[in-house]
Amino acid sequence: MSDRNTYQVPFIVSIAILIACFFVNISLGSVSIPLEDVFNSLIGSSTQQDTWQHIIINYRLPKALTAIIVGSGLGISGLLMQTLFRNPLAGPFVLGISSGASLGVALVILGSGLFGGVFATLFVSKWGLVIAASSGSFLVLLAVLMVSIKIRDTMAILIIGLMFASITAAIVSVLSYFGSAEELQQYIFWGFGSLGNLSWEDLFILFVIYSLGIFMSIVSIKPLNTLLLGENYAKSLGLDIKTSRLIIIIATSLLAGTITAFAGPIAFIGLAIPHITRQVFNTSNHKVLLPAVFIFGAMVMLVCDTIAQLPNSDFTLPINAITSLVGAPVVIWLLVRKRKMVF
Amino acid sequence: MKNSILLILIFLLVSCKSEPNKQFIESDTVHSLALKYAKGFSVVDYKTFKVLEIKNPWPQAKKSYRYVLISHENAAKTSFMKDEYDAIILTPIEKIVVTSTTHLPALELLHVEQTLVGFPGTDFISSENIRLRVENKRIRELGKNESLNTEILLELNPNVVIGFGIDGNNRSLETIKKSGIPVIFNGDWVEHSPLAKAEWIKFFGALYNKQKVADSIFNSIEKEYLKAKDIAKNAKIKPTVLSGAMHNDIWYLPNGTSTEAQLLEDAYVNYLWNDTEGSGSLQLNFESVYVKAKDADIWLSPSNYSSMENLKNANEHHAMFKAFQNKNVYSFTNTTGNSGGVLYYELGMTRPDMVLKDLIKICHPELLEHYEPIFFKRLE
Numbered sequence: 000m001s002d003r004n005t006y007q008v009p010f011i012v013s014i015a016i017l018i019a020c021f022f023v024n025i026s027l028g029s030v031s032i033p034l035e036d037v038f039n040s041l042i043g044s045s046t047q048q049d050t051w052q053h054i055i056i057n058y059r060l061p062k063a064l065t066a067i068i069v070g071s072g073l074g075i076s077g078l079l080m081q082t083l084f085r086n087p088l089a090g091p092f093v094l095g096i097s098s099g100a101s102l103g104v105a106l107v108i109l110g111s112g113l114f115g116g117v118f119a120t121l122f123v124s125k126w127g128l129v130i131a132a133s134s135g136s137f138l139v140l141l142a143v144l145m146v147s148i149k150i151r152d153t154m155a156i157l158i159i160g161l162m163f164a165s166i167t168a169a170i171v172s173v174l175s176y177f178g179s180a181e182e183l184q185q186y187i188f189w190g191f192g193s194l195g196n197l198s199w200e201d202l203f204i205l206f207v208i209y210s211l212g213i214f215m216s217i218v219s220i221k222p223l224n225t226l227l228l229g230e231n232y233a234k235s236l237g238l239d240i241k242t243s244r245l246i247i248i249i250a251t252s253l254l255a256g257t258i259t260a261f262a263g264p265i266a267f268i269g270l271a272i273p274h275i276t277r278q279v280f281n282t283s284n285h286k287v288l289l290p291a292v293f294i295f296g297a298m299v300m301l302v303c304d305t306i307a308q309l310p311n312s313d314f315t316l317p318i319n320a321i322t323s324l325v326g327a328p329v330v331i332w333l334l335v336r337k338r339k340m341v342f
Numbered sequence: 000m001k002n003s004i005l006l007i008l009i010f011l012l013v014s015c016k017s018e019p020n021k022q023f024i025e026s027d028t029v030h031s032l033a034l035k036y037a038k039g040f041s042v043v044d045y046k047t048f049k050v051l052e053i054k055n056p057w058p059q060a061k062k063s064y065r066y067v068l069i070s071h072e073n074a075a076k077t078s079f080m081k082d083e084y085d086a087i088i089l090t091p092i093e094k095i096v097v098t099s100t101t102h103l104p105a106l107e108l109l110h111v112e113q114t115l116v117g118f119p120g121t122d123f124i125s126s127e128n129i130r131l132r133v134e135n136k137r138i139r140e141l142g143k144n145e146s147l148n149t150e151i152l153l154e155l156n157p158n159v160v161i162g163f164g165i166d167g168n169n170r171s172l173e174t175i176k177k178s179g180i181p182v183i184f185n186g187d188w189v190e191h192s193p194l195a196k197a198e199w200i201k202f203f204g205a206l207y208n209k210q211k212v213a214d215s216i217f218n219s220i221e222k223e224y225l226k227a228k229d230i231a232k233n234a235k236i237k238p239t240v241l242s243g244a245m246h247n248d249i250w251y252l253p254n255g256t257s258t259e260a261q262l263l264e265d266a267y268v269n270y271l272w273n274d275t276e277g278s279g280s281l282q283l284n285f286e287s288v289y290v291k292a293k294d295a296d297i298w299l300s301p302s303n304y305s306s307m308e309n310l311k312n313a314n315e316h317h318a319m320f321k322a323f324q325n326k327n328v329y330s331f332t333n334t335t336g337n338s339g340g341v342l343y344y345e346l347g348m349t350r351p352d353m354v355l356k357d358l359i360k361i362c363h364p365e366l367l368e369h370y371e372p373i374f375f376k377r378l379e
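So the sequences go chain by chain: A and B.
With numbering that gives the first Met the number 0, letter number 167 in the first sequence gets 166, and the count goes up by one each step, no holes.
With numbering that gives the first Met the number 0, letter number 354 in the second sequence gets 353, and the count goes up by one each step, no holes.
No incorrect hints appear here.
Derived pair list, reagent style SDA-like, types lysine to any residue, alpha-carbon separation capped at 20 Å:
| no. | chain 1 | residue 1 | chain 2 | residue 2 |
| --- | --- | --- | --- | --- |
| 1 | B | 46 | B | 79 |
| 2 | B | 321 | A | 56 |
| 3 | B | 326 | B | 307 |
| 4 | B | 311 | A | 201 |
| 5 | B | 311 | A | 188 |
| 6 | B | 293 | A | 31 |
| 7 | B | 321 | A | 50 |
Covered stretches of chain A, as calculated for chain B (at least 3 residues, CB under 8 Å):
| no. | segment |
| --- | --- |
| 8 | 22-32 |
| 9 | 315-325 |
Hints are computed from structural coordinates only; laboratory data are not their basis.
Where a beta carbon is used, it is the ideal one built from N, C-alpha and C, also for glycine.
Take the sequences, apply the hints, and build the full model.
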């Protein structure tokens with residue numbers, strides 16, 4: 000009850016800011032569209048120019064929704080990893096999930112020439128990259144899971160995740176060495192990350208898997224809070240560590256795996272958002288943190304996307320550069336100001 | 000006694016310095032190679048030897064490179080201050096290694112392709128003639144431009160390696176230079192106009208002592224180009240043209256001062272970004288491209304997408320353009336050699352006249368009724 004009172008105001012304020020960010024994101028872009036027409040497009044009325052309606056409905060709106068999904072999804076998976084491994088440096092990338100995705104994408108793009116056959120056909124198909132990235136992250140996760148059954152120490156799993164990341168990075172560099180200029184270019188473009196590449200159909204599929212991940216995270220709130228006390232203590236409280244760990248890892252891989260598959264490896268958000276949220280809300284209770292990370296992740300991603308679009312200019316920047324440029328100084332500033340890490 | 004020893008020593012030193020060979024000085028100028036468009040190199044002929052200067056091997060190059068081109072016979076009679084030149088190259092070249100497919104058409108046009116002994120990435124070669132030599136093992140595979148197989152290259156021991164650099168850093172070329180094989184950086188790609196790029200055939204002409212042949216080849220390319228340009232001016236309408244395509248969120252397209260844009264200008268079309276300036280390509284936001292080019296008549300070179308389906312799969316927004324809906328999308332990616340090398344990348348730079356005619360045929364088909372495009376094909 001006291002929690003509700005303490006956090007009611009910050010929650011209301013941040014939801015209001017999130018909604019504002021959403022509308023600002025939709026109204027700003029290379030083409031300046033009057034607010035009235037932005038609104039008319041959203042409610043389906045006619046606009047002064049047909050092109051504007053297409054831009055709002057089929058480009059900016061899916062992009063803004065993708066930003067919300069990407070920001071909140073990566074933020075939550077970062078939070079889950081940091082709590083599970085009790086390590087402030089953990090994030091969705093640490094378990095090798097994103098490296099697995101990169102490997103899948105590299106095999107399809109760079110390996111199509113080398114292996115031909117299946118890879119070449121995958122490359123042509125619309126779902127090539129998505130299937131490759133998802134299966135890549137899933138396979139790496141499966142390997143980590145199998146190891147985690149044998150090894151009980153979460154730190155060891157963390158290190159094994161990092162080792163998997165190194166192995167996949169090595170395979171990617173071998174593939175890059177043999178890849179053609181066009182293939183390398185394609186792989187690098189994927190690495191820039193992008194939010195504006197999703198059609199409504201893609202977005203629907205992303206949303207379904209994302210919702211499943213979010214649902215599993217909500218289910219894990221209690222175990223997460225217990226885990227903060229340490230595994231032995233959690234066990235003495237009657238928590239089934241193995242099952243909880245499995246659910247948390249699957250939730251992370253669903254969230255980070257699909258997001259990476261659709262939007263590319265978006266750096267920084269997964270690691271930084273939980274820290275920013277903890278600094279603002281000053282709590283480690285996941286009942287508060289989980290929804291707060293959701294809101295902050297979505298908010299930061301919308302802001303980053305708005306900046307990346309360089310409103311009113313014809314140019315645009317890769318989203319990956321902006322997430323790091325905008326986010327990292329914020330975390331540094333918060334830490335310097337508070338002088339310690341809330342964890 | 001001491002003095003006499005000193006005298007003997009001085010005498011010995013002086014006699015060592017006296018040169019058996021005549022040392023040439025550059026003031027003996029006979030004439031410079033006439034270049035109409037190219038600015039990146041020069042060749043000055045001093046009767047018994049030539050000095051080749053590469054002024055702009057890569058954008059914003061800080062220094063120029065000077066090479067002496069001299070015949071075997073004259074080399075025996077001449078000595079040069081080695082420090083003044085980057086290399087002394089014996090001509091005509093008997094064994095050469097080039098590193099870009101764009102260097103190949105010049106060798107073929109000058110009928111010296113039999114001197115090519117090695118190439119990095121032989122699969123990219125489209126020319127049937129040179130492909131045959133690859134298959135007959137007359138041309139060795141050298142790996143990649145950025146990391147040439149040094150051992151094979153040293154074994155081949157060519158008279159010269161024609162490299163190219165994005166900047167001055169190419170470690171494998173440095174290693175080759177150190178082992179005594181001269182490396183010349185070819186800067187044809189830095190030139191600012193299609194004809195200037197094509198004029199680099201004269202650079203190869205100088206290496207093979209075939210200046211006159213190179214001149215006449217270039218003159219006919221220039222003549223054909225200017226003739227095509229004149230024909231294009233007769234067009235009654237100037238179609239609007241869109242170019243490039245999206246990779247993720249960003250639409251990459253040639254800027255208005257690029258050679259691609261100049262070719263479009265000469266083909267008498269309205270390239271929608273011809274008012275832009277700058278080096279490299281433009282990176283635009285989908286929104287701005289969409290608003291400007293939604294109704295463009297023709298879409299040329301949609302990046303490396305090779306079919307309409309690929310183009311649509313890569314990004315659904317591609318299908319929103321009128322040119323896409325009317326299937327007016329043309330690309331050179333599907334015109335390849337037997338092992339997949341794109342012909343345009345190999346031949347396009349040396350033969351801008353052919354590229355221009357292709358563009359005119361696409362944009363004003365009535366002007367070149369019997370012409371069959373060489374590089375560009377409509378995307379299926």
